[in-house]
Amino acid sequence: MSELSLGKKQSEGIAALIIRRFFKHRLAGIAIAVLTVLVIGSASAFLSRYNPTDQEPTNSFQRSNAEHWFGTDELGRDIFTRILYGGRVSLTVGLLSTFLSIALGVVVGALSGYFGGWTDSILMRITDAFLTFPTIFVLILLGAFLREQQVPWLKNSVLIVIIIIAALSWMWPARLVRGLFLVLREREFVSATRALGGSDARIIIRHILPNCIGPILVSGTLQMASAIITESGLSYLGFGVQPPTPTWGSILATAQNQVFRAPWIAFYPGLMIFITVMAINYIGDGLRDAFDPYVIHTEM
Amino acid sequence: MKHKLLPLLVLLSLVLGACGGGGPTATESPDTSPTAETEPAASVEGGGIVTLILPEEPTTLNYFLADAAIVRQAAEATSMTGLAAINEKGEFVAMLAHELPTLDNGGLSADYLTVTWKLREGLKWSDGEPLTSDDIRFTIEVLSNPNSGAVSGTGGFDLITNIETPDDLTVVLTYSQPYPGYLDQFAYGLLPRHATGAAEDMTSWEWNRQPVGAGPFIVSNWVSGESISMTKNPNYFEAGKPYLDGLVFRIVPEPAAQTAMMMNGEAQFHLWPGEFKEDYDKLLAGKATQHLIPGIWNMAIDFNLSAPFDGDPAAATPHPILGDIRVRQAIASAINYGSLQQDVLKGSVGDSTNPFAYGWYQCDLPRKFGYDVEKANQLLDEAGWVMGDDGIRVAKGAMYAPDGTRLSLELQGYTAFDPLQLTEEFIVENLKAVGIEARIQNYDFSIIFGTYEDNSPRMVGDFDMLIFDRGFTTEPQGYVADAYSSTSIPTAENPTGGNYFRWVNPEVDSALETAGSSFDQQARKDAYCKVGQAVIDDLPQVYLYLFQDNYGVADNLTGYNLSTWGSMTWDAQNWKYK
Amino acid sequence: MRTYALRRILQTIPIIFIISILLFLMVRAAPGGPLTAARRNPNVTKEQLERLEEKLGLNDPLPVQYGRWMSDMFSGNMGESIKFHRPVSEMISERIPNTLILVGASFLLTLILAIPIGVLSARKPYSFFDYTVTTVTFIGQSIPVYWLGLGLIVVFYVTLKNPATGDPLFPVGGMNTYGKEGDLLDTLWHLVLPVTALSLGWVAWYSRFLRSSMLDILHEDYIRTAHAKGLHAWAVHYKHALSNAMLPLITLIALDLPSLFAGALFVETIFSWPGMGRLFWDAAKGRDYPVLLSVVMVTAVLIIVCNILADLAYGWLNPQVKYE
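Residue numbers (numbering that gives the first Met the number 0), protein chains in the order written: chain A, 0 to 299; chain B, 0 to 577; chain C, 0 to 323.
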């Protein structure tokens, strides 16, 4: 019998074990705390006494002070507040594009790995094609293409950035899931279920997929880290989320011309990207350890 | 297996290295070094090599093929010396011509149909060949050829019906109709017959990257994507000039890197620095100074006077909100122009109230609706827009909008241009203060300035407010008539029209006709100022500011004179270094 | 093996087709065109614009234009740049070496640093060294490359000076100092900062990867056998574990190439490096279709070739792989 068919009590036991192992990775625990603070900070951005678009042009380029913790930008807006609001967008872009790309990747990978044959061939050719795209070039082209379609709901440029990042990153989870499915579909619990008359959909969703959760989560963290960096990179080039919506990347982009005049405008959003990506990487590291059967042996 | 792996890696790196080992593939010039007889004099006082920073690479050094301002920045140092030039005061001066043809000296006939140019004596191209009237003929032949592929500076050449060259120094041109731009058309350089090719092949001439010109410098090396080097032209027509031994244009896209190069003295001329003057001068104190001179790019918000998104690009149905002039007046009154120019853009722009903000046609007209929040609120109240709960007004008895309509407008601009974005964000706050919601919607440059067929919003009339900058040359008639005449509203029948506001004003139409048919500059200017006043009264658009061209120049570079009408190198022959 | 190589190459044909169609659609179905800048230029007359539009053949239906483009590409003709009026093949061949120098040098530095770091941290996982290295590599991986690039300029070009001469520590502009074109040492000197910016994240990524695949292998039976046979631990690590751990690394590197080129776009922009990334960037801004499409296609084909090479190398290094 597979680990999946274990009783409810036992799977709770596994979950607890995984969580315990995860927090054994001390830095991963710290990373969770840091990320929680960032999320709470962004979510409660409205508590700031400034509004992200409130301007005071006569009070521009202020250094950090008691009034403005991170100083002010060229329009005299409070950078701290803008970073909180920007965090919402940056984290949302990271999270949603990761969900989208994982969802798409899992579907493609599962179909490909489970059914094999021509389904696999076609899907893998398409995946390979996407993998050979020069990423940044295609991101820019796709972004320009989508932004200029006459579709009202696409005018929301945040959505466009989410879509294009997902469109160029689903191949990684797809390959991963396909690989896992290739192995798992040969296991006896799958053939047993099939013999008992389980439908393909049921086998895929109820039996094989849950066994892939660990690796998918780990790859999800990698995706999210790179999505946040990609978003900021696109903004830096002027192809990302458009003003007036602040994101860490777009704040950084407007700071380009002020590197010498007001380096802090570039410093703080860069620092936030850095801290967030770092935290996500550590969480990924913790997850890897938590799901990795070898870890128990290597612990010293 | 290790023994297999390491060699493989080494091999791979070697392959990568070897592919790149060729070094930069420079387009070496065949032989542009001065010949023995014209050996350059030993470096004189004020000589040396000056490095100039360009943010992007010029696509060509042939001005007539250029679609963007960047080309001229480099080309003007080498291939754009023509019969005349426009100096920093906006006046024409003779360059290769002995003198400017005018009515007084008989160069321009009384019926304005015949123009006689006389060249200076002993002129030579940069390769030492004589420059004669036949080269003028050739230039006209090329630029009037519809298949030449020329983009810029072709205006008026198709009006020249006859060219006579009685001798090597004289050319007599006959026009089919009086052409006011007869001087301007010869201010962008001449093309040498012997060093170019057939007119139809102009786009593929080698000359475009290795021009043989009459300018002060000659291209010696062009490293694609990196730099263009020039050496002094020993055959330059002004004796003793240029003073410099050479110019190096370096292509540096990153603004911080540009400024850093100026800080380290690695460059002396910085095109369009990203820093504001105040900051730049502080940062580079003792090394370089930023200079601002009025440019030609005039920033305005265009209002759509006709209903958007109704499938009808024409002016038939008025815009539900902006169709009421009081709303436009309120918007004009809500904008804090002074703060925008001085605080937001740190004085990097000048004031501008109407389309004619510089040049001989400059009209100094005061704003009718300056910054006045109270006035704006009052106008909106009168126009039937009452304040809603969320601080945005809603219609209650407005002229065209049904009751309950929110006073919410889209503000379209283009992406990746910092000053524009700052302006947008500032104006959004200004308008919010009087209860108007403006939603920024920026498109790629090529959408905002796209064609009717591409459904560019400004062409098909699907916009509320559009913010962008326009520019005129010394001869503005074509552009002005296109933008303001009621006959040039873009529609399916007239897909290239430029009257994006869908503005119909008969007085403007007649003023435009006067300006287009007169040869009297004062009369033309008066006509243009009529148009300018109508813009201020009717508010099809509201002018925000005039961009200034900014240049960072090293303190040890002297002799330069910056001009609205020229690029940074327009007078490079006069520069002295150290 | 030869049939495998052949099959592998044949397999790429549909991939190239898919890519070309997607790219063409993305580039050409987007509104806007190469004449935008001209349309905005007050010195350009309308008649001239209409003539140019006709000349460029931009009014033909898209499938016709796609067919023309593909048949041109197959006959090796990449067309002429709309902006530069130069053969695209010439423009690309000027830039490819520069990008390869940058990417190649970064790749080399990455491997030189990542392999020892990965091995050492796998030797004693969860040791102080491992934690330190993990932290440092995560830092490297978490810094956006353009942010790092700007930081490097500020520190090594502006702030720090050579105490002897007062000159900047490292140059930032382009590939060569003026007058030293073709000087290899000078180019290497100019490579220092760009390569640092480009490599840091990759060192992190590969050393992490190597560490975890080494850990996997160290728990496999034959390594334990080797231990049991009394082989010196050092030898075990290197001889067996490393060579096996390198195999998946090769695949990974091949898959990562597109991202390496992406990073190069930022680095080329910040350090004025005249490579393919900037050629693309300028073409994208100006909608120079022939250049744009060719640059992306050439980069994609370059990546495909590297992928095939990686696959073949994998098979060559690992005799266990059987090509059916």
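By construction, these hints were calculated from the structure, which means they are not laboratory data.
Check each hint, because a few of them may be wrong.
[What the hints assert, rightly or not] Example chain A residues on the side facing chain B (calculated, C-beta under 8 angstroms, incomplete): (1) Gly115; (2) Gln241; (3) Thr253.
Even for Gly, the Cβ is constructed at its ideal location relative to N, Cα and C.
Okay, the hints, checked on the actual structure:
| no. | hint | in the structure |
| --- | --- | --- |
| 1 | Gly115 | violated (31 angstroms) |
| 2 | Gln241 | holds (5 angstroms) |
| 3 | Thr253 | holds (7 angstroms) |
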